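Work out the full structure: start from the sequences and follow the hints.
Be aware that the sequence shown starts at 1067, since it is given in my numbering, and climbs by one per residue.
To be clear, the hints were calculated from the coordinates, so they are not data collected in a lab. All values reported here derive from a predicted model rather than from experimental measurement. Ideal placement from N, C-alpha and C gives every residue a C-beta, glycine not left out. Each statement offered as a hint is correct.
Below, simulated DSS-like cross-link-like pairs (lysine-lysine); rule was C-alpha separation at most 27 Å, straight line:
#1 LYS1111 with LYS1168
#2 LYS1151 with LYS1163
#3 LYS1164 with LYS1151
#4 LYS1164 with LYS1103
#5 LYS1168 with LYS1103
#6 LYS1151 with LYS1103
#7 LYS1116 with LYS1151
#8 LYS1168 with LYS1151
#9 LYS1163 with LYS1103
#10 LYS1168 with LYS1116
Ranges of calculated distance between the beta carbons of each label pair, as one might list FRET restraints:
#11 GLU1137 with GLY1115: 47 to 57 Å
#12 LEU1140 with ARG1110: 32 to 42 Å
#13 ASP1114 with TYR1078: 12 to 22 Å
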Amino acid sequence: MTQHALYLDFEYCTGCHSCELACRNELGLPVDGFGIKVLEDRPRKNPDGKWNWNYIAYPTELCNLCEQRTERGLLPSCVQTCQAKVLEYGTVEECAKKLVEKGHQATIFIP
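Encoded structure:
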């Protein structure tokens, strides 16, 4: 059986939190429950003088890649609702290839 993963590209995340809301609704979680959480990497000045202000979406231990959806051929709810298209669902191999191509500000999540 092919193992699947999430590819997360932090470079273009806008911090809209739509992935959090979609996941919470899909899993029926309480307001303080998260299957994916968006963190803010506060504004900070880099040694080169440029400013960074990033948002980082990370899946929690509650994330099962929406197996109830993906078994029916649908995308995980966080991927479907991500307006910036920074979340992608695919095989571990596909996600790893994207990660190597990107080289920075990205990761993969394998539950």
